[in-house]
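Here the protein sequences come in this chain order: E, P and R.
Just so you know, we're using the working numbering here: the first sequence kicks off at 1 and counts up by one.
Just so you know, we're using the working numbering here: the second sequence kicks off at 156 and counts up by one.
Just so you know, we're using the working numbering here: the third sequence kicks off at 408 and counts up by one.
Heads up, a few of these hints could be off.
Calculated cross-link-like contacts (lysine-lysine; reagent style PhoX-like; alpha-carbon spacing at most 25 Å) [as the list claims (entries may be wrong)]:
| hint | chain 1 | residue 1 | chain 2 | residue 2 |
| --- | --- | --- | --- | --- |
| 1 | P | K300 | P | K175 |
| 2 | E | K130 | R | K423 |
| 3 | R | K477 | P | K175 |
| 4 | P | K320 | R | K423 |
| 5 | P | K227 | P | K199 |
| 6 | E | K130 | P | K164 |
| 7 | P | K242 | P | K164 |
By construction, these hints were calculated from the structure, which means they are not laboratory data.
Remember, it's a predicted structure, so these values are computed and weren't measured experimentally.
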Amino acid sequence: MATTPDEAGGREDELSWGDVLDQSDRLEVRPRPRGRLVLQLPSLEALVWALFSAGGFVTAILVPVHVAVLGIAFAAGWLPRSALAYERIVHLVHNPLTKLYLLALVALPLFHWAHRFRFAIHHQFGIGWKRLAATACYGTAVIGTALAVVVLLRI
Amino acid sequence: MADPTMTLKVARYRPEHRPKPYFDEYEVPYREDMVVLDALNYIKDELDGSLAYRWSCRMGVCGSCGMMVNYKPRLTCSTFLREFYPKHVVVEPLENFPIIRDLVIDMSDFMEKLRTVKPWIIRTDEHSVDEGEYLQPPEQVDRYKQFSMCINCMLCYAACPVYAKDQEFIGPAALALAYRYNLDTRDQGQDERQQIVAVDWGIWDCTFVGECSVVCPKDVDPAAAIQRSKVAATTKSMMSMLLPFGVEREED
Amino acid sequence: MKRTEAPPRYPVYVPKVSRIWWLRTGPFRRFAAREITSMFAAIFSVGMLLFLFALSRGRAAYDGFLHWLKLPWVIALSAVILGAVLYHTATWFRLTTRIIVIRLGGRTVPTVVIAAGLVAALLGASALVAYFHIWF
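Bound-form chain E, shown alone (with noise of 0.2 Å):
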């Protein structure tokens, strides 16, 4: 399989076979920066495939049943008329527990859709641009989450 570079007429610094293996201790894809002390900055895809995946349990677990409650059940009139009155439900958001969670159950789907759209809008949808792709479908989550916050520190 091995081609030298003067054989098939390629660039001087293409490797064969045998020079990969010989030098596979050598060679680096990113070169290790030298130095006693390295700073490991966390990758950005990481850390969205990590949203992503929260978004995706939170929607998974938490988001049928508010849905269930909200959406269906009390619109349907089955629920007793308690439930949702001013009081109570303000009485419960004020506690600071209740917004995390809430800030939660809104951000993480929106980073969810964000990470699934990105990719829909290359794969699926053939658009090119991806960076500008990406930019806007996390800034979108990100609106969403600070609107959400500003929206909870008022209530």
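Based on these hints, arrange chains P and R on the given structure of chain E.
Positioned in the frame of chain E, the structure of chains P and R alone reads:
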């Protein structure tokens, strides 16, 4: 009574005759124990010697005979005609690869992807020969055994819509192979391989369609390998965020 | 990584990828459906945000929002969102069982057990949320 026959529509590509691929139809004798490869061999022996295709072991272990059979990536040596009889069978070259001739595709991109993930044991501290082998009990072999069964048949690349769109994508088999070595307790190259696969054209481009694992003839489950690689990469990232200064010892 | 091999010295035919590849086969259509459910998750988030916004503006706005929830077309939308989100749950659980590997003393936990755990989490969390939402 005439012996039963079956029709095969086989894709041809002969650029010296016609610039684009086209189909030829052949009628082959049908027996219950015949596979698509048998039909192709019959065509080549008796009907049309100009047909070009790859095959070798004819028993599903070499990975040479991957083709699209009725629009699905299959090993022709393991696909029985009786699955389709009496309807006709469409045989085309493996999808998502450039076609060299008839059913033969250019696999050089795949071969390159395989070698970029450094599919060998990487050690930061080599044992000397006197210290003996790197021992590995059966429980540790079980951790990666499944992912070592790949026969490089490329059916997963044919099934992967991400690879269809992005030829840069490292792809299921190569990423599963990288994961196999990361799981191997004798290997110490996880960090090195992470730099190679945890990139935009590596594991992060996969959207877990899952078709690669569906078509894999050896149940390697590359989709699972890639998602677990994502978990591993994310965990590593989160850990490095909690401990931002990694201490590296430079050995000269 | 880009190809570093020299191009072959014979003509190769590179077929074009169909723009609607995701409609061509059953598995691809189911994949597309699964991805689309994430849009409904986002719609839920927006709806929840509107609910909280109404809550923050006082009793009148809040009651107005509740009244809006009872409109027939909104109920229909809620039903659609619920269906989509439950499809998401089913597919998400199936995907999770393929990724999570739990080892207990050399043996692997079977996927059925992991699936049961996820369903238990769904039911348990739903019960808890419903309790706080309705009766607490």
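Status of each hint after checking the structure:
1. P:K300 with P:K175: Not OK: P:K300 and P:K175 at ~43 Å, beyond 25 Å, violated.
2. E:K130 with R:K423: 20 Å, holds
3. R:K477 with P:K175: 60 Å, violated
4. P:K320 with R:K423: Satisfied, since the Cα-Cα distance of roughly 9 Å is no more than 25 Å.
5. P:K227 with P:K199: 23 Å, holds
6. E:K130 with P:K164: Cα-Cα ~39 Å, so violated.
7. P:K242 with P:K164: Cα-Cα ~11 Å, so holds.
The structure does not agree with the numbered hints 1, 3 and 6 stated previously, though it agrees with the rest.
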